[in-house]
Amino acid sequence: MAAKTKYSKKTYIDWYKMMLLARRFEEKCGHLYVQQKFGGFCHLYIGQEAILAGLMSGIEKDDKVVSAYRCHVQPMALGTDPKRIMAELYGKTTGVVKGKGGSMHMFDKEVGYFGGHGIVGGQIGLGAGIGFAEKYKGTKNVCLCFMGDGATRQGMLHEVFNMSMLWKIPTIFIVENNRYSMGTSVERTTNVHDLSKLGLSYDMPSETVDGMDPEAVTDAFKKWAKHCRAGKGPVLLNVETYRYKGHSMSDPQKYRTKDEVEKMKKEDPIEQVLSIIRKNKFMTEKQIEQVEADVKQEVAECVKFAEDSPLPNAETDLHEDVYTQEDYPFIIE
Amino acid sequence: MREIAFRQALNEAMSEEMRTDKNIYLMGEEVAEYNGAYKVSKGMLDEFGPERVIDSPISELGFAGIAVGASMNGLRPIVEFMTWNFAILAADQIINHAAKMLQMSGGQFNCPIVFRGGNGTAGQLAATHSQSFEQMYSHIPGLKVITPSNPYDAKGLLKSAIRDNDPVLFMESEKMYGDKGEVPEEEYLIPIGKANIVKEGTDCTIVTFGKILKVAQAAAEEMEKEGHSIEVIDLRTIRPMDVESIVNSVKKTNRLVVVEESFPFGSISTEITYNVQKHAFDYLDAPVRRVTQSDTPFPFSPTLLEEAAPNVKNVIRAIKEVMYL
Ligand SMILES: Cc1ncc(C[n+]2csc(CCOP(=O)(O)OP(=O)(O)O)c2C)c(N)n1
Ligand SMILES: [Mg+2]
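Note that the protein sequences, when read in sequence, are chains E and D.
Just so we're aligned, residue 49 is where the first sequence starts under the working numbering, counting upward by one.
Just so we're aligned, residue 63 is where the second sequence starts under the working numbering, counting upward by one.
Honestly, the hints are just simulated from the structure, not real lab data.
Warning: the hint list may mix true and false statements.
[Claimed, not checked] Taking beta-carbon pairs under 10 Å as the criterion, some of the chain D residues facing chain E (in silico): (1) 118; (2) 137; (3) 148; (4) 369; (5) 371.
It should be emphasised that the depicted structure is a prediction, and the values quoted were computed from it without experimental measurement.
The beta-carbon is built from N, C-alpha and C at its ideal position, and this holds for glycine as well.
Can you build the whole structure from these sequences, using the hints too?
Here it is, written out as structure tokens:
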């Protein structure tokens, strides 16, 4: 029996390809990290891929996105070449930010991705400012500002929620609520467990969204982007999702049970997409296998590209991009 | 030439630039309807309207963050902090975000913002309201730091700061806003990164900046009366620092006193002294001396305050020491 869906066959196939690419890309990152192919931190997106569907199908091309440090795959959903993300992890000049930022700081202006940011909550102010600029310039564009559940505990959120409502800034504040901030559950950070209530004292409209369901995420982004475009001001979305892996690569995960993780995996967003694809015969089994093979191939190409790319030149690149001023007189001892 | 107040010079700099570039806006506490806590933005709401001259709630971190985000997305914000003491609450956005954005985005996103406001002591306001922050922010690559000392410089430097494509911190003083000085009607700019030799001399160099320049000048005059020729350099820009002008002067006078308003540890005088020993070691006829604020939180009571801040007496004592008088 065919499963009911609002979204087209093409949308589903695109979602599947992107979400699977993201999953396999991140799995590969995990392996490479363990093999010490690159350093730094490494926060994986595995489990949260339904949000990518929203980025692909819920917003318009000129909308802007800003996020925290769990940022390898979000830009891919907007159009960034995964090769350049992998190269960035390796600190190569071909990386999205030329090896200047690494895992936590992917930026791609071309696709409207205003960064991965490593200071928890810092990007909440940026998201309001990006939206502020759109309104100032009189566009209809919106800004999607992602943050973790842990980030909601920063004072920045309250200052910016207040001003964003006051000035009707077209920013959708999206909590990627994966229930944990490193090893601290939401319940251990607040008495108010329903994070959608965080906007209440500013009269900010808010909604809780099933963040494991790509359709629900896309619906919510569409609906609230329309609200922002109509000049009605900001929104708070509490997107309930889950990360299957540890916070970063060095997390023994003592704060949760294996059962909890297994239970959440039953709602896996990629499985949900695949199930609809199968029920509606959007792809044959052979085609599904082919996607898996293509993705594997693409991830392998990303690794090859990254490994073959040059490292920055310590003499010529160290002082580059610190100031726009070309002849800035750096102190060089 | 006409004389205008320091606050008026700043007002003209902002207004002139805002007339030519629609992407510039001014935001801060009390900047619009109240005409500015120190009346710097007087009349600007009337001219530019509430979309461009914007009163913010008391949320330094928040409106600094909005400025950084807006600057990444094509605007050129001017952010007024009532004073730099309160900007500490926004330091995360200045230091971790504005200063890093261009580099961490691999050159994709620059932050053309001017953060400005009163800095340093303003009388009996006690410890939390009396600090100077040049040293804290000059430490940070990615930022530029300017401290003007008179209305003419204030206008020319602020216009350059607003046109600059990097984040610029502009440090004024509640004590200077009423100062009058000659400012031409015609447009002019003063380049960032160049010091000003306020007075030439041959026997000793004083390097200073901001409102404390007046103290240095008064001390220099006293010394002149006794027949000594003192060179006075106003840094104007703290970062990038015009080391060349300082070193050239010391090569001529062979003696240096640095006068600054901040605490002594790890201060601008430390940086200057390092550069002078590096580039002019063989020219020095005496160890470099500095006059700074006392190594204490700034006090309230007048007797304590007088001793805590650089004053003419202290500066003269330092000059005499380096001249072995
Ligand atoms: C201001 C600040 N404090 C602490 C940290 C260290 N830190 C990095 S991630 C993190 C947890 C954040 O969790 P959450 O916001 O829920 O995002 P998630 O990792 O779940 O995506 C912490 C405490 C930081 N980077 N910045
Ligand atoms: Mg979390």
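Each hint, compared with the structure:
no.: 1; hint: 118; result: holds, 7 Å
no.: 2; hint: 137; result: holds, 5 Å
no.: 3; hint: 148; result: violated, 13 Å
no.: 4; hint: 369; result: violated, 34 Å
no.: 5; hint: 371; result: violated, 29 Å
Checked against the numbered hints above, the structure violates hints 3, 4 and 5; every other hint is satisfied.
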